[in-house]
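Given the coordinates of chain Z, assemble chain Y onto it according to the supplied hints.
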Amino acid sequence: GAGVSQSPRYKVAKRGQDVALRCDPISGHVSLFWYQQALGQGPEFLTYFQNEAQLDKSGLPSDRFFAERPEGSVSTLKIQRTQQEDSAVYLCASSSGALDTQYFGPGTRLTVL
Amino acid sequence: TQLLEQSPQFLSIQEGENLTVYCNSSSVFSSLQWYRQEPGEGPVLLVTVVTGGEVKKLKRLTFQFGDARKDSSLHITAAQPGDTGLYLCAGEGGTSYGKLTFGQGTILTVHP
Chain Z
18 GAGVSQSPRY KVAKRGQDVA LRCDPISGHV SLFWYQQALG QGPEFLTYFQ
68 NEAQLDKSGL PSDRFFAERP EGSVSTLKIQ RTQQEDSAVY LCASSSGALD
118 TQYFGPGTRL TVL
Chain Y
425 TQLLEQSPQF LSIQEGENLT VYCNSSSVFS SLQWYRQEPG EGPVLLVTVV
475 TGGEVKKLKR LTFQFGDARK DSSLHITAAQ PGDTGLYLCA GEGGTSYGKL
525 TFGQGTILTV HP
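One line per chain: the protein sequences are Z and Y, in this order. 115 is the number that the numbering used here gives to position 98 of the first sequence; each next residue is one higher, with no gaps. 445 is the number that the numbering used here gives to position 21 of the second sequence; each next residue is one higher, with no gaps.
Isolated chain Z (complex conformation):
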């Protein structure tokens, strides 16, 4: 595909369930970012990968959040024991290199009941 894709687009989870959100970056893009966007707010940084290496995870809200990119392409953001405050849109962005333009996917809207 030409752009960043994310799946699922919508996810409803019961409180306490685990969820996994997938990001397919633009082919060949080295850098991959995850952001969290609460309703009516701007995105907030969660974590950054350069190829398969997670170089910055300072934005992850708690140890219930875990991200991986094992082969330096597809990335998965996993949230364990979801809570209501985890409800948000999770955006993935990729760029061809450090400091290059970030291209965002459409996001996954997570609703925790």
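Keep in mind that the hints were calculated from the coordinates and are not lab data. Be careful, since some hints might not be right.
Cβ pair distances, simulated, as ranges [as the list claims (entries may be wrong)]:
1) Y:Gln438 <-> Z:Gly57: 16 to 26 Å
2) Y:Pro536 <-> Z:Ser90: 40 to 50 Å
3) Z:Gly89 <-> Y:Gln504: 39 to 49 Å
4) Z:Leu72 <-> Y:Val474: 21 to 31 Å
Going by beta-carbon spacing under 10 Å, a handful of chain Z positions derived as facing chain Y [unchecked claim]:
5) Ser48
6) Glu61
7) Gly76
8) Cys109
9) Asp117
10) Pro123
Please read all numbers here as calculations on a predicted model, not as lab measurements. Yeah, the Cβ is synthetic: ideal placement off N, Cα and C, and Gly gets one too.
Chain Y only, in chain Z's frame:
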């Protein structure tokens, strides 16, 4: 911690009016970017400003970066209903890989 204060949070205007959105910080950024986000979609980059005092124009949109690289503004001339959307400013600085700090966003509604 770098923070960006964006104002106003909401803007509702009539077609043909002009408007300005502001983005302010106490921190210096290497660059500042403006995005537009439609419902159900990710942010799409409009422009990047890098040099203090820089002014960029994109049709009816004018973007300015403050001399000290701490603030920026977006001015729209003769707004149209198609300009309706969420406008976000984002600063990049302090990392070697482009981590972005976003403002809270401005929801713009242009009424026909």
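### Query
Hint by hint, which ones does the structure fall short of?
Every hint satisfied by this model.
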